[in-house]
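*Asks:* Sequence:
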Amino acid sequence: MDLSEIKGRIREKSNIVDVMAEYIRLQKVGKRYRAICPFHQDTKPSLYIDPEKEMFHCFGCGAGGDVFNFIMLIERLDFMGAMKLLAERAGITIGDIEHKKGDKDRLMEIVGLARDFYEANLRRVSQNHPAKRFLDERGISDRWLEFGIGYTGDKWGGLVEFLNDKGVSEEDGERAGIIYRDDSGVRDYLNKRLVFVISNLRGNAIALAGRGLAGEEPKYLNTPNTDIFHKGRVLYNLNRALPKIKETRRAIVVEGYMDVIGLALVGVKEAVAPMGTALTSEQAQLISRYADIVYLLFDGDDAGERATIRSLPALFAQDVEVFVVRPPDGLDPDELARRDGSEGINRALDNAYSGWDYMLKSGVEEYDINTPMGKSNLVEAFLEPLASIRDEVRRGVFIEELAKVVSIDRDLIKRGVENRIRGRKRATANKQVLSDIKTVKDKKPPLYEIELLNIILSDGRYMRRAVNEINLNGITDQRVRRIVEQASELSGRGINDTRKLMENLDSETTEVASKALFMEIVWDVETAFNDLMSKINSIAKRRELADKMYEIFGSDTS
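When we follow the numbering used here, the leftmost residue of the sequence shown carries the number 1, and every step to the right adds one.
Note that these hints are calculated values from the structure, not bench results. None of the values given here were measured: they were computed from a predicted structure. Glycine residues also receive a C-beta, built at the ideal position from the N, C-alpha and C atoms. Any given hint could be a false lead.
[What the hints assert, rightly or not] Below are the BS3-like pairs computed for lysine-lysine, each with C-alpha atoms no more than 27 Å apart in a straight line:
#	residue 1	residue 2
1	K231	K269
2	K13	K84
3	K246	K192
4	K231	K246
5	K500	K84
6	K375	K361
7	K246	K28
8	K53	K13
[What the hints assert, rightly or not] Have a look at the derived ranges for each label pair, beta carbon to beta carbon:
#	residue 1	residue 2	range
9	E161	E489	52 to 60 Å
10	R124	E75	34 to 42 Å
11	D103	D301	48 to 56 Å
12	V125	E321	38 to 46 Å
13	L201	G396	53 to 61 Å
14	R424	D292	42 to 50 Å
15	R499	S376	55 to 63 Å
16	G203	K166	15 to 23 Å
17	D103	E146	42 to 50 Å
18	R424	R542	42 to 50 Å
19	E146	H230	49 to 57 Å
20	D292	E469	25 to 33 Å
I would like the entire structure built from these sequences, with the hints used as guidance.
*Replies:* Written out as structure tokens, the structure reads:
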């Protein structure tokens, strides 16, 4: 079975709506679906999916294509990586077509080796060892392997030696972030610490975090950002929590690793953590793909309060309902779970504040709204969070509530928010797609070529006519030309099927095809086809004439 046949089988088993719904929230609109585009700073649903054509297209940033294109973009994979992921999802063995391991695959493999090494270390230490005693005190004594916990060992260099025995170079170990080099030589990044494994959504180990056991500073230490791990883009435990989050449509964001594990031990399995920091905008966007309700359950101390306030604006920018939970008696979530079990956690969730009410209450406590300066400072502090809210109704309600609290005209606040929104649009006008997403660098295809593609890709009868009547010299865009050439090749074999055509296109060309398929032809199709063919063939004749003239006169420059 060749690559094209395997791609076709995977496509048949990978419904584009079902696949995309695993990453973003879809809304049915007529025969299509729409969504907030995850590939640029979308403020309204700009991405559309056509289930019949099995294509998607964003009218904001231009991203588009088939299910393979989507996975390549959302997972940051090459084509073979996307095909392997979808094949595994569909239960298809890709057989003789071996996915060549890329650099990122190799780095994940190395982090996975470190995980295995640390788990083996924890298995070997005695029950009286500080690492085992720590776990016993938190009720994890017989379940640590379930949560992927390990131990570094008691001496420096154990991991370096292990990796060397496994044939891993020091350079690759450094690039994976698990060892480092200093004046003393190559050393393990983590030492004398419990180890927690950070995984991506597919369960691949991508980073490690260590917790000190004897007052080490910092208490928690993450391995550094690498090509496979960016701390602000990943949520600890999301891969394990995802089934429950999808089931309940709620997520509980806690502060750290032990909080996640503490909640899981009492049966609360929707917990994730931003790894010791406030929630970033990318993490908020990630969790909003799967949850309709997000609870912030940070530690009960002042640091937890500050992290809560810093996290709220990122969640306000997403289409989720946000609640703030403050643990009683200043406890950490882990402590609350151990003291009161799942009943205590659920009771705290039931008593949660709305995110907006909590932020407003905190703002009133911070600023003296009995003075003009205090009112001004409070309003100024809320302009950016308000501007981040995409839903105009919700934003309007919050503006009204803020205006009542500070006793000023709501229109003053509204104008300030609108100014911030305009400023955001100007700042992002030239940054529509994230820098690491592959975009088409050359100029866009002419509109008339896109219109012709729309017709021939939507109806096999016009595809047959086009390949018989078109002069390819009249097509100026090379991607459009590749599509028509592929259509011609298939038509010569009696195949006039758009899906079959798509299976033979590269990702860049598929993106152009998706743009064409989502165009609406508002005039008579037959007339449009004839006019467009006439235009392209006329261009071809002019180009051919120009070439002949150049052959005759081009070398004569006198």
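*Asks:* Against this structure, judge whether each hint is valid.
*Replies:* Evaluation of the provided hints:
no.	hint	result
1	K231 - K269	holds (22 Å)
2	K13 - K84	holds (13 Å)
3	K246 - K192	violated (37 Å)
4	K231 - K246	holds (23 Å)
5	K500 - K84	holds (20 Å)
6	K375 - K361	holds (14 Å)
7	K246 - K28	holds (18 Å)
8	K53 - K13	holds (15 Å)
9	E161 - E489: 52 to 60 Å	holds (56 Å)
10	R124 - E75: 34 to 42 Å	holds (36 Å)
11	D103 - D301: 48 to 56 Å	violated (41 Å)
12	V125 - E321: 38 to 46 Å	holds (45 Å)
13	L201 - G396: 53 to 61 Å	violated (35 Å)
14	R424 - D292: 42 to 50 Å	violated (25 Å)
15	R499 - S376: 55 to 63 Å	holds (60 Å)
16	G203 - K166: 15 to 23 Å	holds (21 Å)
17	D103 - E146: 42 to 50 Å	violated (31 Å)
18	R424 - R542: 42 to 50 Å	holds (46 Å)
19	E146 - H230: 49 to 57 Å	violated (26 Å)
20	D292 - E469: 25 to 33 Å	violated (52 Å)
Checked against the numbered hints listed earlier, the structure breaks hints 3, 11, 13, 14, 17, 19 and 20; every other hint is satisfied.
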